[in-house]
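Generate the whole structure from the sequences, applying the supplied hints.
Chains as they are written, first to last, in the numbering used here: chain A, 41 to 711; chain B, 3 to 254.
Relax, there's no trap hidden among the hints.
Part of the chain B face toward chain A, derived, beta carbon under 7 Å:
hint: 1; residue: 199
hint: 2; residue: 200
hint: 3; residue: 202
hint: 4; residue: 203
hint: 5; residue: 233
hint: 6; residue: 237
hint: 7; residue: 244
hint: 8; residue: 245
hint: 9; residue: 248
Heads up, simulated EDC-like pairs for lysine to aspartate or glutamate below, C-alpha to C-alpha not over 20 Å straight-line:
hint: 10; chain 1: A; residue 1: 46; chain 2: B; residue 2: 207
hint: 11; chain 1: A; residue 1: 387; chain 2: A; residue 2: 296
hint: 12; chain 1: A; residue 1: 51; chain 2: B; residue 2: 188
hint: 13; chain 1: A; residue 1: 81; chain 2: B; residue 2: 207
hint: 14; chain 1: B; residue 1: 181; chain 2: A; residue 2: 47
It should be emphasised that the hints constitute simulated quantities derived from the structure, not laboratory data.
Predicted model, so just to flag it, every value in this text is computed and none were measured.
Just so you know, even glycine gets a beta-carbon here, dropped at the ideal spot from N, CA and C.
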Amino acid sequence: MSFGTKELSAKIIHDTAYAGCRFPIGAVCCGAWVQLCVLDKENICSAAELIFYSDSFEAAHNMQYENGRWAAKFEAPTEPSACFYVFKLNIDGNTFWLSASKRPHYGEVLGSRGEGFRLTVYKPDFETPSWFRKSVMYQIFPDRFSRDESDTAKRGIKAHTKAGRSIKYHENWEDAVGWKPNCEDGYYFPLDFFGGTLKGIIEKLPYLKSLGIGVIYLNPIFEAASNHRYDTGDYHKIDPVLGSNEDFISLCKSADDYGIKLILDGVFSHTGADSIYFDKYSRYGSVGAYSGGEDSPYCDWFCFGKNRDDYKSWWNFKNLPEVDENNPSWQEYIISGENSVIKTWLKSGAFGWRLDVADELPDEVLELIRKSAKEQNTNSVIIGEVWEDAVLKTSYNKRRNYALGYSLDSVMNYPFKNAVIDFLCGRASAFSLSSVLLEQRLNYPLPFYYSLMNLLGSHDTERIRTALASKMSPHGLTREQQAHFIVSDVQDAHGARMQKLAAALCYCLPGVPCIYYGDEIGMGGMRDPFCRAAFSEGKRPLSDYYRLLGEIRNANDCLKTGAVSILAPDADVIAILRATFDNKDVFKESCVNGVLLCVINRSRYKKSFVLDLYSENSGFSQSELEKLIALSLEKGSALIGNSEDIVVNEGTALICIEAESCEIYWLKPGE
Amino acid sequence: MIKKDADKIADNTVEVGFGGVAHELWTEHGLKVRYEGRLMLLAEKTNSGYLAKAGNASGCDVKADWQETEKSRELAMSINSGSAGFLTVSYFNAAAAARYIFNALQGEKAKAITLPYVIQKADDALIIPEILRILLDECSDTWENAIATISDNFVLKPQGDFAGIALGSLASLSPRAEKLIRAINEKHCQLLWDLNPGDWLRISEGSIITDNEANSLLLAASLCGKIICSEEMRAGALRCIYTLAPAKFVDI
Chain A
41 MSFGTKELSA KIIHDTAYAG CRFPIGAVCC GAWVQLCVLD KENICSAAEL IFYSDSFEAA
101 HNMQYENGRW AAKFEAPTEP SACFYVFKLN IDGNTFWLSA SKRPHYGEVL GSRGEGFRLT
161 VYKPDFETPS WFRKSVMYQI FPDRFSRDES DTAKRGIKAH TKAGRSIKYH ENWEDAVGWK
221 PNCEDGYYFP LDFFGGTLKG IIEKLPYLKS LGIGVIYLNP IFEAASNHRY DTGDYHKIDP
281 VLGSNEDFIS LCKSADDYGI KLILDGVFSH TGADSIYFDK YSRYGSVGAY SGGEDSPYCD
341 WFCFGKNRDD YKSWWNFKNL PEVDENNPSW QEYIISGENS VIKTWLKSGA FGWRLDVADE
401 LPDEVLELIR KSAKEQNTNS VIIGEVWEDA VLKTSYNKRR NYALGYSLDS VMNYPFKNAV
461 IDFLCGRASA FSLSSVLLEQ RLNYPLPFYY SLMNLLGSHD TERIRTALAS KMSPHGLTRE
521 QQAHFIVSDV QDAHGARMQK LAAALCYCLP GVPCIYYGDE IGMGGMRDPF CRAAFSEGKR
581 PLSDYYRLLG EIRNANDCLK TGAVSILAPD ADVIAILRAT FDNKDVFKES CVNGVLLCVI
641 NRSRYKKSFV LDLYSENSGF SQSELEKLIA LSLEKGSALI GNSEDIVVNE GTALICIEAE
701 SCEIYWLKPG E
Chain B
3 MIKKDADKIA DNTVEVGFGG VAHELWTEHG LKVRYEGRLM LLAEKTNSGY LAKAGNASGC
63 DVKADWQETE KSRELAMSIN SGSAGFLTVS YFNAAAAARY IFNALQGEKA KAITLPYVIQ
123 KADDALIIPE ILRILLDECS DTWENAIATI SDNFVLKPQG DFAGIALGSL ASLSPRAEKL
183 IRAINEKHCQ LLWDLNPGDW LRISEGSIIT DNEANSLLLA ASLCGKIICS EEMRAGALRC
243 IYTLAPAKFV DI
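Set out below in structure tokens:
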């Protein structure tokens with residue numbers, strides 16, 4: 041018999057999302073038993089071997105043929121690692137390889153060894169805070185969110201000016217952000233302030249509560265020269281424009297009254313050149329490393345070359361001198377000391393840290409941060425800024441382990457944001473989007489996956505409204521072009537419609553949905569600094585819609601920590617099925633049972649199609665699927681959307697959905 | 003558009019061909035298929051089905067004609083007596099019905115069957131590749147037109163179990179029908195691929211052909227324009243067709 045590789049791919053099958061091929065599906069703990077199978081109904085192969093490998097080992101396992109499939113069972117490694125595997129097949133005396141295809145959870149037969157299927161192995165004791173997984177997040181850029189009636193901000197501006205900093209204050213909240221070159225070297229330095237304060241945030245807490253917010257992520261709030269404050273001047277002091285350390289404690293307490301927790305932005309890979317640690321401009325009266333040399337207690341934090349102006353700085357930005365994270369005194373000050381930065385602010389009421397450029401911090405340092413934070417508060421959360429797949433990420437010439445239970449609770453989910461925007465802008469199909477989303481479900485450790493910060497934009501990206509309205513990437517545009525970029529009314533209307541779909545996806549997937557301040561009221565803007573305008577309502581606010589999404593999410597445990605199945609019945613339609621069974625969520629915590637189905641049609645046309653809810657390879661484990669089937673769902677009532685009830689028959693649901701719309705159904709058994 | 007063909011057969015009978023070789027030739031006018039070596043029988047419509055009769059010899063040679071007529075008579079007798087294989091009888095009945103259906107499509111009132119034709123059992127499913135063969139090979143129809151004609155004129159209303167069709171055995175009865183079933187399956191799998199790119203598991207589960215056997219229910223469902231069945235069948239045996247083309251389905 042003779043087959044081409046494409047014919048063989050149709051007959052010799054491995055699908056990492058299918059329990060008949062892989063048990064269990066998804067990431068596994070160290071030492072867990074795993075069974076991997078290749079379906080070969082026609083017994084085409086005469087032999088099959090599993091090649092299982094990671095960066096540090098490779099092992100072969102013979103496979104046994106029984107009941108139409110080749111199987112191998114083995115124990116996962118005892119060390120957490122990103123692992124891979126391929127199957128070596130003998131067909132008619134020739135060697136073929138069953139490897140991962142372009143949609144990586146599906147396989148394809150090749151004549152040579154291809155990409156491996158992924159298997160993530162993580163620490164068995166890895167846990168993430170339960171409260172965080174169930175929250176909705178709101179990200180605030182503090183200078184631009186809310187002023188208060190007091191003169192806090194103006195006094196702060198005076199303090200900075202008195203220290204010798206040339207900063208600008210926008211009296212008018214509606215002013216455009218500064219972007220033009222304002223330094224001697226011809227570059228733009230972010231020195232314009234709008235005067236948002238911590239008291240201003242307190243005043244907005246009822247508004248945030250109405251959105252269903254459970255956690256606020258604050259961009260940096262420590263004293264710094266710039267308006268973004270990523271150039272930390274003093275880790276132990278709130279920037280005077282924002283208020284005082286007491287204001288922060290007051291904010292934490294007030295937020296707690298509303299059931300809202302705060303996490304802070306930890307910028308630890310570098311400080312500001314204008315800081316007590318470096319003190320390049322001698323503004324602090326401390327003995328900074330720049331001028332103090334060896335007399336400075338901080339001199340070993342930084343790396344100087346031949347002269348004091350030759351120092352290592354973050355991405356060569358001279359105002360951001362890089363620190364040596366392996367330096368013991370730095371570690372003591374920032375992480376492990378009794379009054380370390382990490383611990384101090386947790387003691388003051390914060391509930392966690394978002395670590396700036398986490399991939400630039402060594403694994404050992406990240407582990408220390410986790411240890412210190414969790415010692416101070418076991419329920420604190422550590423989120424990393426990582427822009428790529430967190431399990432596969434390499435830096436420092438090695439694969440990082442921060443997603444395997446050693447350090448981070450989770451990461452900012454930029455791959456999610458990019459995939460959703462590509463889908464809604466028509467650059468990728470629902471099949472591609474479902475593949476990305478399913479890969480995250482399958483490759484991230486479960487606690488990590490359910491803690492992903494699912495954002496649609498941040499202080500570092502264009503706003504979601506602009507991304508969806510313009511459908512273009514601003515990467516090729518100059519600052520001037522971005523400043524003058526105009527989104528037409530028609531485009532904005534389209535962007536608003538698409539933004540609702542994006543938000544629905546965010547709220548219906550596992551992880552923590554995150555609103556970047558102002559997105560909910562229709563603000564637009566290209567990249568930094570245009571995405572950091574003062575909080576003011578856009579032409580087409582969506583606050584009511586976000587409020588409704590927040591209500592639905594907070595009222596339904598299945599949307600928070602229920603099982604997930606990701607379906608793409610059409611190139612323009614994506615559907616997310618969430619479910620909890622037996623009053624237990626995926627973490628075996630008590631919850632209320634429920635099944636919700638979110639369907640999104642991005643197309644300009646109404647669509648009719650049949651959804652197969654009993655799909656065996658879309659994210660549900662075998663037992664979750666069996667429990668879903670046992671529910672005998674018969675109908676679905678719309679919670680969002682205009683449609684009538686849908687009928688479910690043996691797991692098939694005929695759906696009719698309007699153009700550019702979202703429906704969320706609550707599915708239930710017959711009466 | 004259906005092209006009329008000359009009718010050389012006596013009243014109330016149609017011709018049915020067995021075996022032989024089909025030579026395909028692509029011309030500037032499309033696919034031309036020429037048959038060689040087929041054994042022809044006649045099918046006479048009766049109240050209870052079709053009666054097989056020896057067919058007309060091809061008229062090349064007296065001795066060859068006699069041998070051919072004898073073979074045809076033997077085959078006809080075995081079909082009528084029931085001693086012929088199950089698939090042979092099924093194919094004969096299906097091919098005869100297909101010819102009558104074709105006559106109806108042509109607008110002929112005599113030797114015609116009422117349309118739309120309702121496929122109710124496994125044997126009927128073989129009508130599909132046979133009518134497709136007639137439309138493509140004898141009328142030089144395009145694939146798209148032929149499929150549309152079938153869709154417009156066939157309804158599936160399953161009664162009882164639908165047995166599989168062994169394609170190896172079918173090939174000896176009608177190599178062209180076997181080939182067309184494979185072509186139907188390829189296009190059906192392509193539709194499955196379009197909806198589930200890369201998902202070989204789903205495609206293999208929804209395939210019309212498995213282990214060289216055609217699922218007669220899926221074969222019929224893939225081309226019939228309307229399917230009347232229970233909700234149970236829709237969600238069960240016809241699940242993949244339901245996800246591909248829900249508009250076809252009418253609930254019982």
